[in-house]
Every structure is written in structure tokens, then in C-alpha cells.
Amino acid sequence: MTKNKQQSDTGNKIIHIGKKTKSLIISKNISNNYSSNTNRNLIIINKNSNKSKNFTKCDSLLLSNKCSAHTFPTIKIKNNSSIIEHEASSNYIKELQIFFLLQRGINKNNAISMIINGFCENILKMLPSEFYIESKEMLFINL
Amino acid sequence: MNLLNIKNLKIKIKNKTIIKNINLKINKGEIHILTGNNGSGKSTLALTIAGNKKYNISKGKILFNNKNIKKLSIDERAKKGLFISFQENIEITGLNTQYFLYKTLNYIREYKKKKILNLIEFKKKLLKNIKIINFPKNLLNRSLNKGFSGGEKKKNEILQILLFKPKLIILDEIDSGLDNKTIKKIISIIKYLKKKKKSFLIITHNNNFIKYIKPNYIYLINKKKIKKII
Chain A
57 MTKNKQQSDT
67 GNKIIHIGKK
77 TKSLIISKNI
87 SNNYSSNTNR
97 NLIIINKNSN
107 KSKNFTKCDS
117 LLLSNKCSAH
127 TFPTIKIKNN
137 SSIIEHEASS
147 NYIKELQIFF
157 LLQRGINKNN
167 AISMIINGFC
177 ENILKMLPSE
187 FYIESKEMLF
197 INL
Chain B
-7 MNLLNIKNLK
3 IKIKNKTIIK
13 NINLKINKGE
23 IHILTGNNGS
33 GKSTLALTIA
43 GNKKYNISKG
53 KILFNNKNIK
63 KLSIDERAKK
73 GLFISFQENI
83 EITGLNTQYF
93 LYKTLNYIRE
103 YKKKKILNLI
113 EFKKKLLKNI
123 KIINFPKNLL
133 NRSLNKGFSG
143 GEKKKNEILQ
153 ILLFKPKLII
163 LDEIDSGLDN
173 KTIKKIISII
183 KYLKKKKKSF
193 LIITHNNNFI
203 KYIKPNYIYL
213 INKKKIKKII
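Protein chains in written order, with this note's numbering: chain A, 57 to 199; chain B, -7 to 222.
One thing to keep in mind: the hints can contain errors.
What the hints assert, rightly or not - For lysine to aspartate or glutamate, the following EDC-like pairs were computed, each having C-alpha atoms within a straight-line distance of at most 16 Å:
1. A:LYS113 <-> A:GLU177
2. B:LYS188 <-> B:GLU22
3. B:LYS187 <-> B:GLU22
4. B:LYS138 <-> A:GLU177
5. B:LYS138 <-> B:GLU80
6. B:LYS46 <-> A:GLU190
7. B:LYS45 <-> A:GLU177
8. B:LYS104 <-> B:GLU80
9. A:LYS150 <-> B:GLU22
10. B:LYS159 <-> B:GLU68
11. B:LYS8 <-> B:GLU22
12. A:LYS150 <-> B:GLU68
13. A:LYS164 <-> B:GLU68
Unchecked claim - Chain B regions said to be covered by chain A (calculated; three or more residues, Cβ under 8 Å):
14. 78 to 91
15. 164 to 172
16. 208 to 214
What the hints assert, rightly or not - Away from chain B, derived, C-beta distances all over 10 Å, residues of chain A:
17. ILE71
18. SER105
19. ASN166
20. LEU183
FYI, nobody ran anything at the bench for these hints, they're computed from the structure. The beta-carbon is built from N, C-alpha and C at its ideal position, and this holds for glycine as well.
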């Protein structure tokens, strides 16, 4: 998560060595103000690791119209039987979504945090429960 | 005393007049119907009452419970008892339906200075209301309106009305795309809420729906003006 003029450049590397190995990358980033978020993934599948699978997903949420998000996947497959999927999406909070939540009697801050929490929900769920609660609050404070 | 009183209202988007000279009085326990051609400004009126900033009021005023609501924000209007069911139902990915209902109900109760419900009390209340409208239980743990069918989205709106207990309910084409059984159910719920002194402003094109609902007044919007038919 970045705000003001922060620039974050993060990434991860996965190297498949064994046969029939599977990997999954889900990365989510939220950018606000003038910030930019860059996400780099390197996926290597070695010659011997036949029938391996990888799925990469990069979602970004843009909160202002001056911020940006980038994704750079690098894929190296050295055999013919492996499968790689890559998916990237960028979202923004729609005015109608906010209007809908406001109309039901939720104030603006809570409405925005509800939508952002919804965006991160499927990765926050995988965290241990103490961290899950804390990260939810952290998101709220950062906004 | 009028619950909603619209006096000589003129609505503009940028510099274009959408409708003008609107006078509308809704008392407690009354059902008003609004009809008119597509694009005649029915939804505009509903959204203006809700407080959408896109539409500006260039003349006249809106009184809700005898108070001018011009300066109130959208959420304050909602907490005072205004509920608008939109024509397009908004989807929010990742926002659990049950969590949304629980949080919103407590925000409203907090505003009304009522006791805040815990999860168990809420669940009891929810299950009672689900039975009334026949809302499928498995949808409660899905994202709000995400992947719901057209009918399920409308049922979700009705469920929210039953839970939040607003005073004035504006339904924008609640009957479109529903089967006969669900329409009958919705009509019976509207009649039940009417007995409980809730007021309705219903936007619809369906003549049968109007016939069964037995409204107090029917209005037609034509050529930027509103006309009382009955």
C-alpha cells in the first residue's frame, strides 16, 4: 500500500525444481495520491520439473487519478509439459458503489474501508487470525 | 404532518433542466406511484431526494419530517429513515452480504440511540426476515450482489428494508424482471409495511403491479412536469 509520493517496487521469485510442483502467487496493491506500485514476478520452471503448474494474479486498486500500478512478469519455462497462467487487473472504486453504501446509512470513511477490505479479503483470510485482525485495522488507519 | 414535502422543485444537471415545478406531499402510510416514459426524470427525482451531488436543486426545497434536507449528507438522510432501492443493483466484490447487513444495521441503530445488537441477536432477526421474503440462505456468505440473479438482487433490497425499517421507501422499478410469485410476495410485503405506517414512492411501468398495489396517488411525469392522475 502506497500513498503520497511513495514508490514501491516489490516482487517475488519462484523456481520449480521437482516434478509435478505447484505454485500460486497472489499480490494485491493499493495506491493513493501520487504514488506508484510496481510488482515483478520471476517464475522459472526447470528442465526436470515436468508437469508443473503456476498461477500468478496481480490485482491493483487505484484510489486517485494520479497514481499508477505496474506489473512485470518474467517467465522462463524449460520444458513442454508445464502450465503457467498470469492474470493482472486494475480496479478503482466506483462512485456508484460509494453512493450505494452512503445511501444505506454508512459514513464515507466506513464505506471506503468496506470496499478496500473487500478487495483484500481473499488474501487477508489466509493470514493467521491475530494478524488478520491487525492488518484490517492497519488498513483503516493508513487511509 | 407530511413525511416528505417537495415544494416547487427544479432539478438541473449542469445547465440542463431535467424537471421543474414538482410539488409532492407524502404522508405516513401512503403509497404513491410515479410513472412516465424512459428518460423522463423519474430516477433523477429519486436520486435527488437521496442527495446525489450530480443533480443540483436550482429552485424549491425538499422537506423530510418538516426539516429541509438540503444540507444533510447522503448517509445522514439515510439514517433519518430514507431508503432508496436503485434500478441497477450495485455489486461489491469481497464485501460479505451478512457482514454488510450486520454493520449497516448497527450504524443505523447507533444513530437512533438504540441498543447495538451482537451477532447472535442479529442472526435471530435476520433469519426471521429471511423467511418472510424467501431469501436463499447460502447467498448470505457471498459477496454483496456479486453473481446474484436479478430476482435475488431485488429480494436482497426487500430484505434490507425489512431489517433497517426506514420511514420512506423509494422503489425504483422493483418489479422489473421478477416472476409472478415474487411480485405477489413483494406486494404483500408492501401492504404489510403500509399498515405499519411506512410510506412508499414507487417508480414503475407495470399496470398490473399498480392495480394490485392500490396506491393512494398516481403521478405522471411528462414534458419535464409532474401531473397528478389519481
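Review point. Hint by hint, which ones does this structure get wrong, listed from lowest number up?
Key: Structure breaks hints 6, 7, 8, 9, 11, 12, 15, 16 and 19.
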